[in-house]
Amino acid sequence: MKIELIINQMNKTLEVQPGETLLETLRANGYTGVKYGCGSGDCGACMVLLNGEPVNSCQVLTASVKGESVTTIEGVGTIGKPHPIQEELVKAGAIQCGFCTPGIVLSAVALLNRNPHPTDEEIKMAIDSHLCRCTGYVKIIEGIRNASKSVSAQDPEFKVPNSRHQK
Amino acid sequence: MSKKESVDTRSAKSASGGKARNFSIVGTSVNKIDALSLSTGRAQFTDDFSIPNTAHIKLLYSPHAHAKIKMLDISETLKVHGVIDIIHHGNVPEIFHTTAGQGYPEPSPYDTLMFDSTMRFVGDRVAAVLAETPEIAEEALSKIKVEYEILPALLDFEKAMDDDAPKLHLEKGKGYLIGAPYFPEKNIAAKILIDVGNLEQGLSESDLTFSETFYTHYGSHAALEPNAVLSYFDERNRLVIVTSTQVPFHARRICSHLLQIPIRQIHVIKPRIGGGFGGKQEVFLEYIAGMFTLRTGRPAKIVLTREEVFISSRTRHPMRVNVQAGVQKDGTIHAIAINALMNTGAYGAHALTVLSNAGSKVLPLVNKAPHQRFNGITVYTNLPVAGAYRGYGATQGYFPLGQMMDIMARKLDIDVLDLYRKNAIRKGETSPIFQKLGEGKEGVEQFIESCGLDECIERGAHEIRWKEKRDKKIRNGAKVRGVGMACMMQGSAIPRVDMGAAYIKMNEDGSFNLQIGATDIGTGSDTILGQIAAEALSVGIDDIIVASSDTDFTPFDVGAYASSTTYLSGEAVRKCAEKVKMQILDVAAEMSHSPVESLAMKEKKVMFPGGELSFQEICHYAMYAVNQFQIQASASHFTTASPPPFAAHFAEVEIDTETGDIRVVKYVSVTDCGQPINPKLVEGQIEGAIVNGISWVLTEEYLFNEKGKMTNPNFGRYKLFSAADLPDIKTIVVQTYEPTGPYGAKSVAEIGINGPAPAIANAIFDAIGVRIHALPLTAEKIFQALKTAKK
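Heads up: the protein sequence lines correspond to chains S and W, in order.
Under the numbering used here, read the first sequence as residues 264 to 430, first letter to last.
Under the numbering used here, read the second sequence as residues 449 to 1239, first letter to last.
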């Protein structure tokens, strides 16, 4: 069946199978920054923003989010123009294998959108649904903290659409 | 002067580590070269590669811990629309091998078949299906009819050597290529006995003697990227294998053996890897994908589910360790023995070498005892297969040693810090164990040339406020606090075994291609090896184009294991870059008509008396002007030493005496890894290892039912630490200089995981006076121990 979605602010019509998860749909359509880590919603590697809010895409049926707005890591900064969160994670040494990183970046984007100056406790809670085996989280927290201090994190260019009606 | 600078000055003056040097790029925290591409989702992991017409693999696993396949019927499976091929014990070659990705000949027993008719654990492989989609393959699995003859299962490793224990590997032809002791009739997969002096005599001469037994448990590597492989034929019909491996060259060799095609027909590519920790040092999926491609011509992909990673891949070897020690009243350790019984599960991957490391990386820390023994046995059981895991036996050995040091210090009524200071190995010293106990063979004598352990102890004690908190049992209602510590070492590469190689060529813009077999699995080795080349060649990191781990396009390297890359591959890169530097200077000498000795290299230029030449000019001259040639070199490095990094870890815990609940409040680690090439990446290795360790010690546990089936194979019920669980973590790196390492560096990837188990267990004792001998250190165990202690 065909499903319409707004992915990274572009209208898309995608062919999906009944029972297909959003994770499967996104990866099959080239959004491979979305990762499979556990399939049970416990690790956060497949995190995307759905109408601006972080969700584990392995736990969402694509057919259930028809017409809604999905942001993947491909919609958040590029190598040429990274999002300040990406830049600060790099500088902090917060990226080792990097498999968990796209999901964490998205959770951090959502955090800073609703709370531009979080405490360390708030940062920890915002990324608590993510598992990272490489870093021990210390430098990830540091990177997000540093990004929250950087003015450009508030750049409207990096705002993520948070309404399902927004095109 | 900042705090950090004052620290460096002090380190440079200390007698522990040789002198600090002035470097331009070594010792700076340049950004990891792949970090931006990883953070933007551009970097490609194995499952991100797509080849048109790829078919998908699913595996059928044994539901029984021990069984013989009496009948396997695939006729209904083949009728499923979209099924392409099925492989099982009846249609693939029977070739004994080990899945351990080690150098050849592997020091692990050849006891494994691609598919076997005997199932030896719940999760052993019955068959594999290749189908058009993963869903079809999954459906097809349910159509395979298997009849099993269920055999008695061996689920208690302490009973493995009993006469009436079920035997796992009686088939003829199994054993070691290297002829190591192997007794399958007793379920013994490996056996080691090393004596220095005379243990019994040493114990009888000691003022106090001790004997305590400890248990360490299973653990999942839990790399976030599950194991994945994609295989296909290239345009010349060579087999390409893209794989999430730590050992691309070993993978190629093992696939050649199992698939019975020459090495030249195989091209292994390692893309970005989503963490390894030892779990991807195992070659057990590559040849299945390869076999399907050979049989069908189709690109074939397998990506394990998380549940499959838990039940069918590899785990940490559980161990029972009895420590015997004899000590004099003044705190001199006179005799020490480690008696280890290790459970390798159904197959013997790393059965000998993980065992030996529980002695060889542990006993030398207390090197002065004249009487020492390492007595180890590895046994088979019908449980999940263990393998390499960060720490590699040392982790299993330091839990008992670290607690024994605490026990002895308390009995002697001296500070455990002083017990370490009195007995720990120092610069200039050796241990007889280095020579007696190697990896699958005799070891290599070595003297310690850098050791910052005294400083590690001192600074860690200061940071945790040892004197103020030790033995104080600070109470807040039902909650009591305590502090504990442990010291540890590891190694840097396997001496006289490991080899890494590098190739460098110069480009017209003064940049260089660096090609290395070394395998970056997220560690940052591409970056630090680039830094080493940049240092030697007087350029920035952006002028080094790093490519690694492609069996067609990079030279050989053993791969990412045994804390080897920085030390071993790093020295190969340094040597290679020095050769290239000499060529550049030779060309500059010719161009400037100056003797080589009068030249100096700096910031992409060569200075000669009266002028300078840019790297661009030099490369253009060599490439296009006179006596044209490519400025290029290669170098290999193998090592006769394995200089240990050292560390002291300190934990502060809070125990709820009503519930047994335990919380690590603060964790301090101080580490000597020689000259850090990239301080931030060094800290990252240490912090990652420590949190992995704390998580393993406190919350991670394999649960089995009475039939040997793991009952919690998911992150919901196998609890990894997440950000909210973190204690206050303080990471301190003391600087020494290792003269045999590249720019003074030692390796650092593993050592950090050895500390949490003993440091936390000792802190528990400090708080509540009970000693937990078996991991994990759960609230239930603490609660029970408190209850027993009250009686």
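Everything labelled a hint here was simulated from the structure, so no lab data went into it.
We treat Cβ as the ideally placed atom computed from N, Cα and C, and that holds for glycine.
Mixed in with the good hints, there may be bad ones.
Covered by chain W, according to a simulated footprint, are these stretches of chain S (three or more residues, beta-carbon under 8 Å) [what the hints assert, rightly or not]:
1. 265 to 275
2. 315 to 329
3. 334 to 344
Once the Cα atoms are required to be at most 27 Å apart in a straight line, the calculated DSS-like pairs of lysine-lysine come out as [as the list claims (entries may be wrong)]:
4. K1053/W x K920/W
5. K1053/W x K953/W
6. K917/W x K1167/W
7. K921/W x K639/W
8. K1128/W x K354/S
9. K875/W x K1023/W
10. K953/W x K387/S
11. K329/S x K275/S
12. K412/S x K1128/W
13. K591/W x K1167/W
14. K870/W x K927/W
15. K593/W x K1178/W
16. K1052/W x K1114/W
17. K354/S x K1178/W
18. K412/S x K1178/W
19. K639/W x K387/S
20. K1238/W x K1167/W
21. K593/W x K354/S
22. K1155/W x K354/S
23. K387/S x K1023/W
24. K591/W x K620/W
25. K1155/W x K1167/W
26. K607/W x K387/S
27. K870/W x K953/W
28. K344/S x K1128/W
29. K1052/W x K1178/W
30. K1114/W x K1128/W
31. K1167/W x K387/S
32. K622/W x K634/W
33. K816/W x K884/W
Here's how the hints hold up against the structure:
no., hint, verdict
1, 265 to 275, "violated (count 0)"
2, 315 to 329, "violated (count 0)"
3, 334 to 344, "holds (count 7)"
4, K1053/W x K920/W, "violated (61 Å)"
5, K1053/W x K953/W, "holds (17 Å)"
6, K917/W x K1167/W, "violated (30 Å)"
7, K921/W x K639/W, "violated (43 Å)"
8, K1128/W x K354/S, "holds (9 Å)"
9, K875/W x K1023/W, "holds (26 Å)"
10, K953/W x K387/S, "violated (45 Å)"
11, K329/S x K275/S, "holds (11 Å)"
12, K412/S x K1128/W, "holds (20 Å)"
13, K591/W x K1167/W, "violated (34 Å)"
14, K870/W x K927/W, "violated (34 Å)"
15, K593/W x K1178/W, "violated (56 Å)"
16, K1052/W x K1114/W, "violated (46 Å)"
17, K354/S x K1178/W, "holds (19 Å)"
18, K412/S x K1178/W, "holds (23 Å)"
19, K639/W x K387/S, "violated (46 Å)"
20, K1238/W x K1167/W, "violated (30 Å)"
21, K593/W x K354/S, "violated (55 Å)"
22, K1155/W x K354/S, "violated (49 Å)"
23, K387/S x K1023/W, "violated (44 Å)"
24, K591/W x K620/W, "violated (33 Å)"
25, K1155/W x K1167/W, "holds (22 Å)"
26, K607/W x K387/S, "violated (45 Å)"
27, K870/W x K953/W, "violated (50 Å)"
28, K344/S x K1128/W, "holds (23 Å)"
29, K1052/W x K1178/W, "violated (38 Å)"
30, K1114/W x K1128/W, "holds (20 Å)"
31, K1167/W x K387/S, "holds (17 Å)"
32, K622/W x K634/W, "holds (14 Å)"
33, K816/W x K884/W, "holds (15 Å)"
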